[in-house]
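Numbered per our numbering, the sequence shown spans residues 15 to 551.
By construction, these hints were calculated from the structure, which means they are not laboratory data.
Heads up, some of the hints might be wrong.
As the list claims (entries may be wrong) - Restricting the straight-line Cα-Cα distance to at most 20 Å, the calculated cross-link-like pairs of lysine to aspartate or glutamate (EDC-like) are: (1) K305 x D295; (2) K153 x E217; (3) K315 x D340; (4) K153 x E95; (5) K283 x D266; (6) K106 x E129; (7) K305 x D266; (8) K174 x E192; (9) K486 x E513.
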Amino acid sequence: TGNIQIINIVGMRLPQEICDAIVLCVENEANCISPYKGFNPRRNAVQYLTSLRLVNRGFCAIASPLLFRHIVAICVPFQKESPLVRLIEISKSPYAVYVQRLDVGFRFFDNLSAESVSLYQEDLAGILPGCLARLPNIKALGFHDASFSLPWENETTATKTVIAALRYGLLSSLTELEFTLPLAPDFGKLLDNKPGTLQIPIENTLRGLRHLGLHIGGKLSPYTHSDRTHAFYIFQLVELAVNITSLAISSDSLIVLTNFEFTRLLRLKHVDLEGVETSADDLTSLITQSKESIRSIRFHKITINSGLWESIFRQMGRLSHLFDVDIGPCGYSSTGATQRLATQPQHPPTWPQAILSQNVNDGSALRNLLLQVNTNRIAAGLPTMPEGPVRSRRGAQRSTTTYGYRRALKDIRQPGKRATPEDRNGYKKLLEELRKREDHLTKAKPGKKNGENDSGEDEEYEVESLLDSRVKDGELRFYVLWKGFSMEEATWEPRSNLENSTETIDEYFDVHPGNPGGPKANNRLGRPSLKATEKAT
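Based on the provided sequences and hints, a complete structural model is requested.
In structure tokens form, the structure reads like this:
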């Protein structure tokens with residue numbers, strides 16, 4: 015905003031798009047300095063805007079729909095005034111018609127005093143129903159961490175507040191709903207229809223949603239964790255939301271969602287699961303029934319009790335419209351049919367942490383999935399996602415499961431060039447070939463040492479992990495296990511050949527800071543390396 019020239023506007027009405035651009039520009043600047051994720055930058059945005067001479071009463075009237083569309087009344091530490099005061103004021107003002115999204119709840123609970131939590135919770139229960147009734151165009155409602163680690167009395171109040179807002183609020187325009195309850199059984203209270211009351215059936219609200227987020231914020235007991243009856247409430251709520259295109263389910267403790275088929279979810283574009291135990295068949299079913307529409311998938315802290323992650327990743331790789339993938343620490347259940355894969359072996363320090371498994375094919379399938387997602391992104395004109403540590407050198411020609419695939423893509427896709435129909439056909443053929451080779455994968459023999467029969471071509475292939483380091487002839491070298499090759503084919507490589515694997519090197523020294531080249535190394539030349547048996551572990 016400092017580059018905006020001072021303008022004197024007399025009797026002129028700015029176009030709406032210009033007002034929106036100014037508001038968003040200032041709002042983005044306020045966002046950057048905001049210390050809280052749930053902090054509302056719009057109050058700062060108003061202060062910035064009022065400092066500009068071009069902001070007059072007419073401008074404020076035009077900008078009001080944007081400034082008041084999202085109200086954040088979240089309780090955060092060190093607030094002088096309750097955020098609910100502003101919510102009440104706006105709901106009683108002419109600007110209430112502009113509010114489309116409302117977020118309430120807590121952020122940074124550990125830094126909140128017990129008194130402030132109790133007061134906020136009591137006030138929220140009292141004012142929320144009335145405020146919602148005065149916001150006629152509310153479309154998105156979020157209850158964030160509303161009862162995490164609260165005393166029992168406050169947990170009960172928080173749960174009743176959320177349920178009352180959903181059962182008695184006039185939310186006919188609601189399209190996005192995200193809320194947190196302490197325990198999985200609490201979701202069943204939304205399904206308890208009592209005849210003769212003024213409660214609005216929850217299915218009426220769920221039917222109009224496009225996004226639904228269900229989050230369990232409390233710690234579950236071992237008995238609750240194993241009771242699938244409680245998970246059934248989650249299943250029922252999702253089944254009632256027949257028109258959603260975005261689904262998020264999370265739990266601080268694992269919630270079991272096994273043998274549940276979401277048969278009505280046929281148009282999902284975004285799937286976000288965290289803290290869930292399920293089976294490979296259930297996850298595959300959820301993905302494939304929306305295969306024509308799904309755009310992004312996020313799996314974090316997911317354990318499967320039957321089947322293999324390898325098969326899940328292969329199925330995800332066949333989604334032609336999948337553009338974003340976020341796989342966190344996922345693995346296998348310690349009690350399921352594949353529990354033998356759940357025990358963690360002594361992996362090298364750079365073993366893929368996104369998938370925790372003894373099945374080496376899981377990591378390979380995940381890498382191929384990321385490669386295929388990048389194919390979809392390139393075809394759509396989007397920037398590529400990181401595929402993991404890769405290296406490129408002339409000489410030792412090692413081919414991984416990509417078989418020069420990325421090089422072929424570079425030949426087709428020129429920088430700054432828009433994809434033509436011929437390009438898209440080329441992408442499609444390459445993708446089909448990659449899938450065939452993935453299904454019938456055979457490992458290539460390692461090439462000769464650098465300098466022997468150098469073909470002069472520059473190929474890319476991945477570093478699986480670094481097993482050891484040493485200093486030879488004054489140069490730091492690493493013992494490299496290559497992706498797609500056995501331990502017998504690991505080689506010593508100079509540091510200069512691993513320029514594209516700096517993250518892998520950093521992770522190696524985080525685990526082995528005393529090894530040659532590390533921050534705690536004694537830097538003596540000729541320090542003995544690990545024995546072969548140690549490398550194999």
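Hints, verified against the model:
A distance of roughly 15 Å separates the Cα atoms of K305 and D295; the hinted pair therefore holds under the 20 Å criterion. Taking the CA atoms of K153 and E217, the gap is near 16 Å; set against the 20 Å cutoff, the hint holds. Only pairs whose Cα atoms come within 20 Å are accepted, and K315 paired with D340 is accepted, the gap being roughly 11 Å. Restraint check: the Cα-Cα separation between K153 and E95 comes to about 26 Å, which exceeds 20 Å; the hinted pair is violated.
Using a Cα cut-off of 20 Å, the hinted pair K283 and D266 is violated, with the two alpha carbons roughly 24 Å apart. Between the alpha carbons of K106 and E129 the distance comes to roughly 27 Å, so the proposed pair goes past 20 Å and is violated. Note on K305 and D266: the hinted pairing is violated, with a Cα-Cα distance of about 29 Å set against a maximum of 20 Å. Restraint check for K174 and E192: the C-alpha separation of about 16 Å stays at or below 20 Å, so the hint holds.
Among the hinted pairs, K486 with E513 is consistent with the structure: their alpha-carbon atoms are about 18 Å apart, no more than 20 Å.
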